[in-house]
Each structure stands twice: as C-alpha cells, then as structure tokens.
Amino acid sequence: MIPALVVFLYLGIVLYIGVFAFRRPHPSGAEDYFLASRSLGPFVFLLSLFGTNMTAFTILGSSGHAFHNGIVTFPLMASASALIIPLSLFFIGTRMWALGKKYGFMTPVQMFRDRWECGHIGTVIFAVQAAFLVPYIIIGVMGGGTALSAISGGLVPYWLGGALVALTVMSYVFFGGMRGTAWVNTFQTVLFLSFGAAALLLIGNGMGGFERAIGDLLESPATKPLLTRERIPPLFYLSYTFIPLSSIAFPHITIFCLTARHMRQFKKTVIFYPLCILAIWLPCVFLGVAANRVVQSEKIQQKIEARQTLAQNAAALTSGERSKLRAEMAADDVVLILLETYAPLWLAGILGAGIMAAVMASDSQILALSTMFTEDVFAYYGGKQRFGETVQVNTGRLFVVLLTLVAYAVALRAPASIFDLAVQYAFSGYAALSPLLVAALFWKRSTKWGALACATWCASSVIATAVFQAMVPAPAGAPVTILKLGGLDFLMRTANGTSVFGLMPVVPMTLISCLLVIVVSWLTKRPSQGAIDRYFAISPQSQRSERFQKA
Amino acid sequence: MFYTSFLMKNPAIALLILIYWALHQDIWFWKSAEPLAFGFLPVGLTYHALYTFGAAGLMAVLVKVAWPESLEYEVDQDGEDSTKA
Numbered sequence: 001m002i003p004a005l006v007v008f009l010y011l012g013i014v015l016y017i018g019v020f021a022f023r024r025p026h027p028s029g030a031e032d033y034f035l036a037s038r039s040l041g042p043f044v045f046l047l048s049l050f051g052t053n054m055t056a057f058t059i060l061g062s063s064g065h066a067f068h069n070g071i072v073t074f075p076l077m078a079s080a081s082a083l084i085i086p087l088s089l090f091f092i093g094t095r096m097w098a099l100g101k102k103y104g105f106m107t108p109v110q111m112f113r114d115r116w117e118c119g120h121i122g123t124v125i126f127a128v129q130a131a132f133l134v135p136y137i138i139i140g141v142m143g144g145g146t147a148l149s150a151i152s153g154g155l156v157p158y159w160l161g162g163a164l165v166a167l168t169v170m171s172y173v174f175f176g177g178m179r180g181t182a183w184v185n186t187f188q189t190v191l192f193l194s195f196g197a198a199a200l201l202l203i204g205n206g207m208g209g210f211e212r213a214i215g216d217l218l219e220s221p222a223t224k225p226l227l228t229r230e231r232i233p234p235l236f237y238l239s240y241t242f243i244p245l246s247s248i249a250f251p252h253i254t255i256f257c258l259t260a261r262h263m264r265q266f267k268k269t270v271i272f273y274p275l276c277i278l279a280i281w282l283p284c285v286f287l288g289v290a291a292n293r294v295v296q297s298e299k300i301q302q303k304i305e306a307r308q309t310l311a312q313n314a315a316a317l318t319s320g321e322r323s324k325l326r327a328e329m330a331a332d333d334v335v336l337i338l339l340e341t342y343a344p345l346w347l348a349g350i351l352g353a354g355i356m357a358a359v360m361a362s363d364s365q366i367l368a369l370s371t372m373f374t375e376d377v378f379a380y381y382g383g384k385q386r387f388g389e390t391v392q393v394n395t396g397r398l399f400v401v402l403l404t405l406v407a408y409a410v411a412l413r414a415p416a417s418i419f420d421l422a423v424q425y426a427f428s429g430y431a432a433l434s435p436l437l438v439a440a441l442f443w444k445r446s447t448k449w450g451a452l453a454c455a456t457w458c459a460s461s462v463i464a465t466a467v468f469q470a471m472v473p474a475p476a477g478a479p480v481t482i483l484k485l486g487g488l489d490f491l492m493r494t495a496n497g498t499s500v501f502g503l504m505p506v507v508p509m510t511l512i513s514c515l516l517v518i519v520v521s522w523l524t525k526r527p528s529q530g531a532i533d534r535y536f537a538i539s540p541q542s543q544r545s546e547r548f549q550k551a
Numbered sequence: 552m553f554y555t556s557f558l559m560k561n562p563a564i565a566l567l568i569l570i571y572w573a574l575h576q577d578i579w580f581w582k583s584a585e586p587l588a589f590g591f592l593p594v595g596l597t598y599h600a601l602y603t604f605g606a607a608g609l610m611a612v613l614v615k616v617a618w619p620e621s622l623e624y625e626v627d628q629d630g631e632d633s634t635k636a
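Listed in order, the protein sequences are those of chains A and B.
Each residue of the first sequence is one higher than the one before, starting from 1 at the first, in my numbering.
Each residue of the second sequence is one higher than the one before, starting from 552 at the first, in my numbering.
By construction, these hints were calculated from the structure, which means they are not laboratory data.
Keep in mind that the hints are not guaranteed to be accurate.
To be verified - Straight-line C-alpha distance at most 25 Å; calculated PhoX-like pairs for lysine-lysine:
1. K267(A) x K615(B)
2. K525(A) x K444(A)
3. K224(A) x K582(B)
Sequences are here, hints too, so could you generate the full structure?
Pasting the structure below:
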C-alpha cells in the first residue's frame, strides 16, 4: 500500500505543477495555450523535450526487451537515437523554430500548406499524422493502468489506475496547456534521472554486486548470448537506425520545437540529449539483462521457463499455446519485479513514481493532436474567423477531454497487443513521413503533389503491412518466405513481424517515400517563385551576417 | 529566409556524420561478451555507451562549426523591424 500512496502523492504534485504552478494571470490566446507563447527557457526546453520522447516503452519496454534479447536493446534503441534525434533537431528542429517564429506557424501542416501552396493536401497530411498518433495515446492510458495496478500490488485495479492517470493528464493539459505540460515533463525527467541511478545501485547491491550477477550469466550457456548481440541479425540491426527518424516527424516533437524562446537553446539540447539517453537507457537495459539471474523470484522464473519452452517446442505447439506462452513471458514488468524484490517499500514507491513519470508521456501527444485539430482543421476551415480565438482555445480544450475519454474507453475494451502493433508501425509510418520535412525545408523543387504521394504511400504501406500480418499467421520458429524475387527472399513473415529482403519494413517504406517525393515533384509544377523565395531567398543582411560569423 | 545547403558546402562535416553513423554498425563485437569493463559491463554495451558519449561530442562539434547563425539573425532582425514599426 505504501508504494501506491507515494504514487498518489506524486500524481497530486504533478497535477499541482501542471494546473497551478506556472499559470499566468492573463493568458494570451491560442499561442499561449498551445505553445507557451514560444517562451520556454533552456532548462525546461531540454528536459521537457527529452521527457516528451520518453514513454512507457523507454523504461518498461526497454527492460522487457533486454530481458529476452540481451544488451542489443541498447544499440538498437538508445545509441542509434542518441545520434539521429539530436541531428534531426539540429538540422530540422532549428529551421522549424525559425519558420514558426517568422511566420507564426503552430503546426507542421501550417508550414506545409504555406510552403507548397496547398489546402486539402495539408488536411490529408493532418489525417495521416493523427491516425498514427491515436494508438500511441491509447497505449499511454493502458500503460498507466497497468503500472499503477502493478505498483499497488493489485490494490488499484487496472480500470481505476487507467482512469486516475487519464484524469490527471487530462486535467493538467486542459488547464495548463503547453506551459503546464512542459513543466510536468521537466519534473518527471528530473525525477527519473535522479532515481534511475538510485534504483541501479540498490538493485545491484541486492543482487550481491553486478560483477557476480554478470559472472553467473556468463557461465550459463543459456544466458551468455544475452551479453552479446548474436540473437539479432545484422540487417535487422541496420534497419533499426531508420526508426529514430520518426522522432522529428512526430507532431508533438515538431510542435515542441516551436516553444523555445531562442534558437540558441537548441545548442545545449542537442549536446546534452545523448547524455540523457545514456543516463536513462543504460540502467534500464542493464537491469533488464541482469534480471535473468534473479531466479529466486517466482515471476521471473515463470517468464524464463515460458521462453525456454517456446524456444524448444515451438513447432509442436498450437497457435493458442504459443500465444499463451508469449503472454507468460511478457517482461515489461521486470523492473517493477526487481524493485519489489530488492527495494524497501518507501523507496519502491518513489521509484514507482519515477516509472509512472515515464508512463504518463501521452500528455504532449494529446496536446499536439488538439493543437493540430484546432489549427489545421478548425481555424483553417474558418472556425477561428467566425467564432474568435477564445472559442478556438476552448475547442482545443474540449478536444482534449473528448480524446482522453475515447482513449480511456478503448483502453478498457481492446487487447493491448493490437495497439502494440499499431505503435510499432506508427514509428515506421512517421519515419517514412520524415522526407516531407526534409523536402519542404531543403529542396526548392519539391511540390505539393510529391508531398501527397509521400503521405498516401505512408498510410497505405502501414495498412498493407498490418493486413499482411493479420492474414499470414506468425511462424513458430524461423521466418517463412512468402514471396521470392530474383531467387532472393523478398517478403518474409517473421515471429514478430515482417521483413523485406531481411530488412524491417521501415527501410523500404522510407526509401520509397523519398523516391516518391523526388519523382512526383519533378513531374509536377513547382510552387510559385514567391513561395520559394519566402523559404530560400537570402537577404543581404543575412549574407553579411554569415560572412561576419565566418570571419 | 535563408537556407544554406550546408552539407553540400561542407563535405567534411557530411562525411564525419556518415562515418559516425557507420561506426554504429559495429559487427566486430557481435558475438563477444568479454572483456568486461569495470568487471561487469559487456564489451558491446561498453562500446555503445562510449558511442553515445561520442554522439554528444559530435553534436558539440556541429554546434561549434555549423551553427546556422543566419537563421537566428533573420528572425532577430524581423523582431526588431516589427518593434520599430
């Protein structure tokens, strides 16, 4: 009960920070509510941006993945992101910020509409972005329910845990807008960075030291491969470096780039971002691997046995038996089990609050979707002109409430596995959408038709992959070839998904996306010179400034 | 708004980024767990922890040599112009 009480206290603090702590006495319209008046300072900008990217998956999912796959989880998901995300912030985020400041954009679609002189094509891009984001929000509510239920030892049921987390997030997004959300994310990131190290030391000590734990894993032939990367094929590993491209294309990240007070705030952000990744992911992955040695825990023992049974007898098992074993070996709760085993109750509560901090990452996604709806649909189709800015902000707030209620209702009824899959392909979908930003910001010749081709391709390829996986059952063991091309395995169904020439679908999706933008843009009429000049013309003052800087 | 095709004008920086990305594909430690850093950190994990540190260093270099000052200047100028107006 003590951990649950600490978590309730934490939810209360979060609510206070989000709703009251940084509220301005006279909020000034849509830009203040949706973008905190573009006024976030360097500290809040860095930590909040990092917190926005840190989801339930970062903490719970990464440890679970590492528990079964070993240390490869870190290079797959963390060190690749440590390079790609800061690079995309450096090259794309800064330009989005400058355009937002200069032309008043509040969403990426506003920039696309202006850059390519289009209207409804912007609406299509909005629809694709929104469709990819919704499952992500639902999984956040689900994660909240699961985590609160686990931390309270089952005292708080899943439905109540989900409701409490959804209500807390909805309240501070509703009242606090971007400012409240940014400060909550900052608080959550500080909390997690502080207590992540405490968890590592405490659990390490409880295990009798990490040297002993890793020594035991090395000695056993069953667990030694977890300390290498041999379980993952190199091509699959290579594919994973495409996934972090999704980060800058996620609307909540692009929109967050517009909230900085000065462009120079990106400097510290891009330098410290990899270090924050290291501080969070390394302990999570390491603990996930080390958990394989905690055989005195009955829950961990069950997971290991389920994994071994599946590996040894997969072919002899029915599909239902395999699904049951996969459910038994689900390891997203290993960090929670380690805390339960090694941490004193009061500290488990604080660390549980840290885990809740990561789970509650759906706030910025809800706010981003609300911003996109009110700016790209409500305001664009005349709502702002007809009803005024106050009604626009209230529409955004109403949207936040409706979206949270729908997400909660779906989270109660739908099986998590469906949304896990949807989230998996949302990452691929957003990665494939990233060429849109590059084309808009760096290529004069890009056109709205190229953008439409790219957005349509992204949506249809994600749907096609989902339909393919629904129609072709996952094989028990080795991947099954479905289509051969030139004697090579072109399309394969694997135990966890799909592969194209041994690569994850994200690779062909992104490459074809690039190709479509280029080819279709070349075949269609370029935007007017005025539109191009707004983005690419160099002013004499800037030329002088640049020469001065170089000198 | 001035947009410089920075990487085309500075191939050395583009090459540096490309090489750093390639270093992520470290097949040389693929099947080895040892040596263990500090007695418990497998070599593959140590490499990527250092790689992540290096990414911070690379970003510091980019900030130093490739920061798009002109973007900031344009926006600041606009702000001053609108204030004067």
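Do the alpha carbons of K525(A) and K444(A) lie within 25 Å of each other, as the hint requires? At roughly 12 Å apart (the allowed maximum being 25 Å), K444(A) and K525(A) satisfy the hint.
Would you check the hint for K224(A) and K582(B), treating anything up to 25 Å between C-alpha atoms as holding? It holds: about 10 Å lies between the C-alpha atoms, which stays within 25 Å.
For the pair supplied as a hint, K267(A) and K615(B), is the alpha-carbon distance within the 25 Å limit? Judged against 25 Å, a Cα distance of about 9 Å means the pair holds.
The structure shown violates none of the earlier numbered hints.
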